[in-house]
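Engineer: Numbering of the sequence shown is given in our numbering, commencing with residue 56 and proceeding in unit increments.
Simulated from the structure, these hints should not be mistaken for lab results.
Mixed in with the good hints, there may be bad ones.
[To be verified] In silico DSS-like links for lysine-lysine, alpha-carbon gap of 25 Å or less:
1) K186 - K173
2) K186 - K146
3) K144 - K98
[Said to hold, decoys possible] Listed next, with one range per pair, are the computed distances between beta-carbon atoms:
4) E174 - R60: 26 to 36 Å
5) K191 - R72: 36 to 46 Å
6) G193 - E78: 12 to 22 Å
7) K98 - N192: 35 to 45 Å
8) S57 - T190: 16 to 26 Å
9) S140 - G193: 41 to 51 Å
Ideal Cβ positions, reconstructed from N, Cα and C, are used throughout, including at glycine.
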Amino acid sequence: MSSYRQIFYQVVFGTNRLPTIPESHCTELYKYISGIVKNKNCKLFCINGVEDHIHIFSDLHPTICLADYVKDIKVASSLWMKSNSHFPKFKSWQEGYGAFTYSIREKDRIINYIENQKEHHRKETFYDEFKSLFTKNGVEFDEKHFL
56 MSSYRQIFYQ
66 VVFGTNRLPT
76 IPESHCTELY
86 KYISGIVKNK
96 NCKLFCINGV
106 EDHIHIFSDL
116 HPTICLADYV
126 KDIKVASSLW
136 MKSNSHFPKF
146 KSWQEGYGAF
156 TYSIREKDRI
166 INYIENQKEH
176 HRKETFYDEF
186 KSLFTKNGVE
196 FDEKHFL
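Work out the full structure: start from the sequences and follow the hints.
Structural biologist: Take a look at the structure:
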């Protein structure tokens, strides 16, 4: 008997609020991260962001622990960005991350939300967006970790 599952995660993490992901080279970063996701046997639905953070919406393979998944993405992409001249201001990803689960009914809405990050952030900061995601998803947080 095979095992079946559906585990949709939206993972969000930033660059310590520093604008270190140039819009002109973000596609390169997203392609690199999509390769990491694929190598983890996970399915990427959408990745996007702005200069100071990214959103990844993917299906998490059941053999992968969420913390290891995020750590592997952050470590590999950080090393790649530091060695790539297109990201000269990048120092590191923030220590933590936000991860939120969604159902199949919410899939298209989340993909649309992530695809429209650049437009969204003309009106709202990453700080406000992150707090809003925690609140909307019922995740308790300590605001002092955002400062």
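Engineer: Each hint should be assessed against the structure and marked as holding or not.
Structural biologist: Each hint tested on the structure:
The straight-line distance between the Cα atoms of K186 and K173 is roughly 18 Å, inside the 25 Å bound, and the hint therefore holds. Between the alpha carbons of K186 and K146 the distance comes to roughly 24 Å, so the proposed pair stays at or under 25 Å and holds. Annotation: proposed proximity of K144 to K98 is violated, straight-line Cα distance about 30 Å (limit 25 Å). Range check, E174 to R60: about 33 Å between beta-carbon atoms, so the 26 to 36 Å window is met.
One distance hint, 36 to 46 Å for the beta-carbon pair K191 and R72, is violated here, with the actual separation near 21 Å. Range check, G193 to E78: Cβ separation about 33 Å, and the 12 to 22 Å hint is violated. Here the CB-CB span from K98 to N192 is close to 21 Å, at odds with the stated 35 to 45 Å. Roughly 38 Å separates the CB atoms of S57 and T190, a value that falls outside the hinted 16 to 26 Å.
At roughly 42 Å, the beta carbons of S140 and G193 sit within the given window of 41 to 51 Å.
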